[in-house]
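Novice: Chains as they are written, first to last, in the working numbering: chain V, 270 to 649; chain F, 270 to 649; chain D, 270 to 649; chain B, 270 to 649.
Honestly, the hints are just simulated from the structure, not real lab data.
There may be inaccurate statements among the hints.
Copies of the same chain are indistinguishable here, so a pair counts whether it falls within one copy or spans any two.
[Claimed, not checked] With a straight-line cut-off of 20 angstroms between C-alpha atoms, the simulated SDA-like cross-links for lysine to any residue are:
| id | residue 1 | residue 2 |
| --- | --- | --- |
| 1 | LYS443 | ARG607 |
| 2 | LYS443 | ILE606 |
| 3 | LYS443 | LYS609 |
| 4 | LYS634 | LEU311 |
All values derive from a computational prediction rather than experimental measurement.
There are 4 protein chains.
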Amino acid sequence: MKALVFKKPYEVQVEQVDDPKIEQPLDAVIRITSANICGSDLHPYEGRSPLDAGMVLGHENMGIVEEVGPGVERIKVGDRVSVPFNIACGTCRNCNNGFTSACLRANPSGNPGAGYGYPQMGPYWGGQAEYLRVPWADFNLLELPAGTEWENDFTMLSDILPTGYHGTELAGLKPGETIAIFGAGPVGLMAALSANIRGASQTFVVDKEPDRLALAERLGATAIDFSKVDVEEAILEHTDGFGVDTGVEAVGFQAHDHTGQEHPEMVLDNLVNVVRATGRIGVVGVYVPDDPQSPSPMAGDGRIGFDFGAAFEKGIRIATGQCPVKRYNRELRDLIIRGKASPGLIVSQEIGLDEMPDAYSRFDKREDGWTKVVMHPTAA
Amino acid sequence: MKALVFKKPYEVQVEQVDDPKIEQPLDAVIRITSANICGSDLHPYEGRSPLDAGMVLGHENMGIVEEVGPGVERIKVGDRVSVPFNIACGTCRNCNNGFTSACLRANPSGNPGAGYGYPQMGPYWGGQAEYLRVPWADFNLLELPAGTEWENDFTMLSDILPTGYHGTELAGLKPGETIAIFGAGPVGLMAALSANIRGASQTFVVDKEPDRLALAERLGATAIDFSKVDVEEAILEHTDGFGVDTGVEAVGFQAHDHTGQEHPEMVLDNLVNVVRATGRIGVVGVYVPDDPQSPSPMAGDGRIGFDFGAAFEKGIRIATGQCPVKRYNRELRDLIIRGKASPGLIVSQEIGLDEMPDAYSRFDKREDGWTKVVMHPTAA
Amino acid sequence: MKALVFKKPYEVQVEQVDDPKIEQPLDAVIRITSANICGSDLHPYEGRSPLDAGMVLGHENMGIVEEVGPGVERIKVGDRVSVPFNIACGTCRNCNNGFTSACLRANPSGNPGAGYGYPQMGPYWGGQAEYLRVPWADFNLLELPAGTEWENDFTMLSDILPTGYHGTELAGLKPGETIAIFGAGPVGLMAALSANIRGASQTFVVDKEPDRLALAERLGATAIDFSKVDVEEAILEHTDGFGVDTGVEAVGFQAHDHTGQEHPEMVLDNLVNVVRATGRIGVVGVYVPDDPQSPSPMAGDGRIGFDFGAAFEKGIRIATGQCPVKRYNRELRDLIIRGKASPGLIVSQEIGLDEMPDAYSRFDKREDGWTKVVMHPTAA
Amino acid sequence: MKALVFKKPYEVQVEQVDDPKIEQPLDAVIRITSANICGSDLHPYEGRSPLDAGMVLGHENMGIVEEVGPGVERIKVGDRVSVPFNIACGTCRNCNNGFTSACLRANPSGNPGAGYGYPQMGPYWGGQAEYLRVPWADFNLLELPAGTEWENDFTMLSDILPTGYHGTELAGLKPGETIAIFGAGPVGLMAALSANIRGASQTFVVDKEPDRLALAERLGATAIDFSKVDVEEAILEHTDGFGVDTGVEAVGFQAHDHTGQEHPEMVLDNLVNVVRATGRIGVVGVYVPDDPQSPSPMAGDGRIGFDFGAAFEKGIRIATGQCPVKRYNRELRDLIIRGKASPGLIVSQEIGLDEMPDAYSRFDKREDGWTKVVMHPTAA
């Protein structure tokens, strides 16, 4: 099959590779109809997270079941399915508790959590390809209505819609509360969409890219451009000086100020300052324990010196971590089907597999209008 | 009346001061039968948190209602009561939501949260004295059975028993789970007692003082002496390499290693390392946004450079803040009355008011056997 | 002042009565700008719940603070406020736990729960009048933005919007789930509005009145006319045979079938049958322990012989009870102010105090188009 | 193998039957070391729930894994395991949500929920036999420490300890609260043990059998003999007239008064009367939609005419249903291993397979001292 293969930092290539096949009784093989580029694909692309050459990239996948192993009984050949980015065994303690993001058995390294085409997430090839092998298919796959409807909405179910939703869940957002979302990339925008679903009374989205802020406003949020205003002042003003009830971090360890300088603690500081006493923060932007290329040696060791003293004084709760997609994707799918959520509105490019190297390069440069790239390697 | 008055760091004195009186319609005046020295009283005592000379100290108070204002209708003169350390109006948004620790109206400074005899908690005198004025008495006071029974148990209801319990609540401890509590001071020990109440399957308590570790063992916990063993290794070994489900920080910003050096990030680092992926940490040890005397300039600004990258990777939740005592004190009282909890077992000294200056000095030096001092200024 | 006075079943009269005044230090007196007729006002009106002659009716009240007692410090004269229908002391155990609907001190009968102008809810006059006395004003009153904006939205905050919301909360409705609401009266419609706020993927509303079903559809719900289709079949068909995740009972003990016959167990049976195994039901429609005029002697003793065996087999949870308005009204107010909820759209008549006797009569007959009557006794 | 086979009401027989074998890739076969008689085994035994002749009985099973299918990868031959009474596929929506008690795929009838050796729970043979086939073994089996320690404690993990715990969970029991448990059979006693684990301040257990009430007292509960005192009065007296916070129904549809007459609504009525306003009831005693032999025609249709009007007036929540064992069994196992729970103390008889027919007969007659029978068909 054809697949997008990682060669070295800033170099990805479409190549002919071996077809994936059923390796275990519970495997399925999926023909990919949509696979998206994720912001976190840029971590290996930029060499910030080391990845071996030869890995097929891509963890945002959906498609049609092509073949199933002899132990697969729920999912059928021909089913249209969404593939959560987490690979989970379905029977370990963490899977039992709903933490498919921390499966204890799927990652041969022994670390909790596995995924497709990603550094440290196991040997599993990604889905930026024509086909994808899915382990524990009955447990992992989410069935979708047959046909081609909602393809660009459903393709958000593998990662960013649940991840944005997870941010609001970690933040404990309740109906009628206010929320400040830092980062208007795809995850931040999906967090804003999720805030609508959960009945937020007011949603602030902070970024500096006009195209992304415009999308935030289309989602009913109040856009805050941190290159133009003092974010903390702006949000406090809008909230009678009290601050927001909840906040979401959708930026991660590479946070830059408006001059382009990296400040790993900046967004957490902002959040601690704009979230009211007794408030809650959900962190879905990625932080890492080792970051050899960090401009700050402390942050290189995972140490983020944000104002924890202020967080304690305000009694703030900070919840973190990768999204366990299965916890949310069924309900989010149903909201799409019943017309209550349209995450596909952020799709900015639909391309073929051969256009992927160019798309990576432009998405990495944050070219204007490159918000979310969906690739269709085979017909839906 | 006689009261313990703060003069300057390391100097407190028993003096004659004006009797407190009813100032507002909802006030009560309490005759103090028990008032304890709290570990956090040492922050102003050591000059680490600046306090004006003349303040009457003491926020762990109980006694008998002596007089009530004209708007007080629930509490009666003669009632035996516990006084939560938080002063709360009972009608603001935070009080409505159960956050009496962040009352929006009680502190004239405008900061959320007020209390007795403590820096930045408002002008309210403390109860290390013969009498105490209690604002919003009907809302704040917890009624106790008449008489003198359980005096040393009930006196833990004003702060440390609820605060220890709050640690386990912030950690989301569920029956059958494991917990590691850092700090075997009174709050840590009360967290261990609370872990029993909540059905922990195993409780680890980490400290280096033999008398405190012995109390932890009396409470059924596994004591870990960090001056003798590697804490992280020890806990991981006891938990099959996975770590504990939950952790409690009961040390605070002045954490010392076993050589006596201050490391503000040490305990949080330990917790992140011993708590399992998907786990939860409750922080009731105090961290502050400004600490001019900190040995670390960064920590002096409240910035605690713990390994947040590892916390994110493990998907850990960190919840913080002062305890809203009213959320727990009624149920804890009932557990005492029905013989299910005996927090008074940690009381090490019972003294009179005149002995307080000496007691502060010895408690501050952590003299062996000085775990928890209860002062009885008037007869119960 | 002028007030609507209950004389006997089917007879209410506008009369001159004594002005309410400050009786306790924590009282306020409100000038009423809006007071609605509630469906439950029809229980005493129809003589189904015995009420003494002379009572001023009305528990859905809002207005302007005219005077406050000497212990009132948060609420100010001139404030625009919503008055929750529950009268709560703010300091008893149930109030502490957020159950203002079961205040242990406000009702002189000793029964939990008190209210305005209603049988068995204490001696408190209602607000279908020019003025209203509000006990424990600082605790009970919700402040609103000054002015006249959103008057017909805010007037829903005293009862039916929180009550409808409470139905969805008792049902444990989560984002993406489905819900079936029985009864398209004002409370059922507010439950439908609340289901939107909470992110329901699909909302069914069951009734037989075309005007009410039309309003349900305006709220985005799927209307089910039980006089025309088999309700259970219809809902099961829409949900792939599984049934809905949650249900709300917004009808109460006087449930009638489409021929007009009373069947007290009918709606609970419907709910048990349309809610899926593991589902949840919230009951806010009123059931009573004594109903001397019930057509069924068993129901006359509060015994409702619904299919509890089926409920157990399906593992269904049934939560019941009056709404504690304070638990929800602040967030619902904020959703109104920020344009996320417009409960006033169900208002069908706006009238003066003198028109009330006629309005009661027409509302009681469920005349077409009489959905929700708002009375403005004085200018907003 | 030898197995206990149901012949007809009141007749069970030990017979030679075919050995169970691996039928599906995810199956395991277990050699049974302990299998208990459950109170609900008496429903088919007494003919109250119709069962086909030839069924091997028994759903409380534990043992050693003898053989596994080709798709089983987590569980190994030789593992000591507890077998939850629910059979669950691990991949359907209900299993995903933690409701293994309502698995949508395991029961060929299409009804949610499957189990071993029980009416309407599918074709699966029970474990009162030498061997047992377990479907979806990796998902269903709970691993236990090797050896023979805690055998009589661990054998409670397959049903009654989790079921008793589920009662307290459905009742929402929180630390420091009070609870009244109706029924001191094995499930009621396990609910009392669970109330201890969860930190109840006081536990009442209601029954009339002296041996069972004595066990309740050994567990620290207050025993109430309903043949000697008025239950409702007794509990209200112990709780200052307010009643208990929570209640558990551990009796079911065959509730008898002290004269031996069946009153299906009696226990629910008691619970509604002794649980305080705002309280919660968990129902784990079995109620059924069809009971052809009921003395009451209404109850024969599942209709239980308890005082729902009073329940509504008090705002009580009633949660019901079979226990999803997997939700609790791991944590309960850990409490046993760490010495915090000893459910085996209720074991009254340990017998061999050949003694089972006699044991059924005596247990069915509730002979004095026959509380819980554990059968060991093969050596542990």
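Novice: Does each hint hold? Answer for all of them.
Specialist: Results of checking the hints against the structure:
Taking identical chains as interchangeable, the C-alpha atoms of LYS443 and ARG607 lie at most 20 angstroms apart only when they sit on different chains, with a minimum of 15 angstroms there against 22 angstroms within one chain. In this homomeric assembly, LYS443 and ILE606 come within 20 angstroms of each other (Cα to Cα) only across copies, at 17 angstroms, whereas the closest approach inside a single copy is 24 angstroms. Taking the closest pair of Cα atoms, LYS443 and LYS609 come within 20 angstroms of each other both inside a single copy (18 angstroms) and across two copies (14 angstroms). In this assembly of identical chains, LYS634 and LEU311 lie within 20 angstroms of each other by CA distance solely inside one copy; the values are 10 angstroms within and 54 angstroms between copies.
In terms of the numbered hints stated before, the structure departs from none.
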